[in-house]
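**Student:** Read off the chains here:
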Amino acid sequence: MSLPPGTLFLLASALLFAIGTHGLVTCRHLLRKVLALNVATTGVFLLLVTLGRSGTTVDPVPHAMVLTGIVVALSTTAVALGLIVRLERRRP
Amino acid sequence: MIMMAGTVLIVLGLLFFLSGTVGLLRFPDVFTRLHALSKADTLALGLVCAGLALHADDGALQLKLLLIWLLVIVSGATCSSLIARAALAHGIRPWQR
Amino acid sequence: MHPVEVTFDALLLFSMVVLAWQGVHARNMFRAVVSFMMFGLLTAVAWVRLEAPDIALAEASLGAGLTGALLLATLGRLGPERRGPRRRRAMKLSMLPWLALGLVGTTVLLAVTLSLPAPGLGEAVLAAMPAAGVDSPVTAVLLNFRAWDTLLEIGVMLLAVIALWSLGQDVLASTSRLPAPALPALVRVLFPLFVLSTFYLLWRGGHGPGGAFPAGALLAAGLVLALLAGARVPERMRGAPLRWAVGGGLFAFLIVAVGGMWAAGAFFAYPPQHASILIAIVEIAAGLSIGVMLTALFLGGEPTEVRRGRT
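In the order they appear, the protein sequences are chains S, P and D.
Residue numbering for the first sequence follows the working numbering, starting at 194 and increasing by one per position.
Residue numbering for the second sequence follows the working numbering, starting at 275 and increasing by one per position.
Residue numbering for the third sequence follows the working numbering, starting at 538 and increasing by one per position.
Hints are supplied without guarantee of correctness; some may be wrong.
Claimed, not checked - Selected chain D positions facing chain P (Cβ under 7 Å, derived; list incomplete):
1) A719
2) L720
3) L723
Honestly, the hints are just simulated from the structure, not real lab data.
Heads up, the beta-carbon is just placed ideally off N, CA and C, and yes, glycines get one too.
For reference, chain S alone in the conformation it holds in the complex:
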């Protein structure tokens, strides 16, 4: 097998992003939409770090970006979940 290194990870990141965006559009339940968004985000993170490995040295910039991104994704998720709970209570 002479696949370039990281091919599998690139493939997985594309699939995850596809699953995430597909779920984001097709799911009706809001909690499922949040989960789908998180899956898509993970796909993007995988892509960033895998691309950062293509050189001879490990590139720390994507690592730092992804660390920042994980925390921002968690903050977004928390606010979204809070909004969902309030919305559900408001509903008759």
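Position chains P and D against the provided structure of chain S, taking the given hints into account.
**Tutor:** Positioned in the frame of chain S, the structure of chains P and D alone reads:
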């Protein structure tokens, strides 16, 4: 020789993991599954950690492996008890033949 | 690469994709959430495979742990899912364009990766490392070269906390009906260890994997575990002290940044001889503050000052 013993321990641990997983898949209800998983996996992790410690040539690394095992024992036991309590609270009765 | 490694990666990534699908589309909402948590754990393993231990640490405690706790807590507060009529055939047909899009996207990605200039920014970061004040490249990027991004990121977290707090009071779930003596006992044993490893990671961030983000995540995990075991925010901590703890990271960050402007002439320009100590201050403040903010996000609302929040 020591390497050999470590490998044997790791393989033994993997066998226990396998049996725990078989129990998880085959047993009838949540309590029996917990019974299979918690015991078999704790022992399996202990064996794997012991095997890895024999492979490691660093005292600090061996201590870390021991710490991992102790933490998993404590948290695994607590988790099993919590899951069983939650199942009871949801009205799941233990399986009887 | 060794064939065993390739096989392991393939298995890992395949399980991740399957779990991700389960996590979005599982029939039962609870099953979806649990699949998503397992997906997070496997993602942490994937980061280790990609030689990114910092991200693996943060992912294991945030992506799998804290997100899972948040999702389960939300699930407990929501009613059962109201199912619309199931349209299986339509769903399967609607998959086709997405599948095509995914394939095209993957091909393009592969082509792009193979044609990218190889080194990225790795060489540039390595060349600038002697002036960074720390030995760990990731920490150097986070808190020195691109400190501006980190500042804004902490600002985003603070905004999230403010948004949640403005929605209402904290909505911690009531304690369960059966008493569980094991959990409080466990927390009493583990909480000191959580605090100890938080500071270990903060100290380690200067020269290895670790730093403010994993440390904050670990602290938050410990605090959330204590909350789950029945601990509540102490009365005298509510109000001003808690607000200072939440905003402290951003505040310290801004002071250091503006100080750099005054001493070295640019926003976030650390004088090289003081870079280490300044970064250490920022790292500790940011780590503790991130921990408290993550816990505040879990609380889901501001703890009330006078009486206890609704349970």
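**Student:** Hint by hint, note whether the structure agrees.
**Tutor:** Now the hints, each set against the structure:
no. : hint : in the structure
1   : A719 : 5 Å, holds
2   : L720 : 6 Å, holds
3   : L723 : 4 Å, holds
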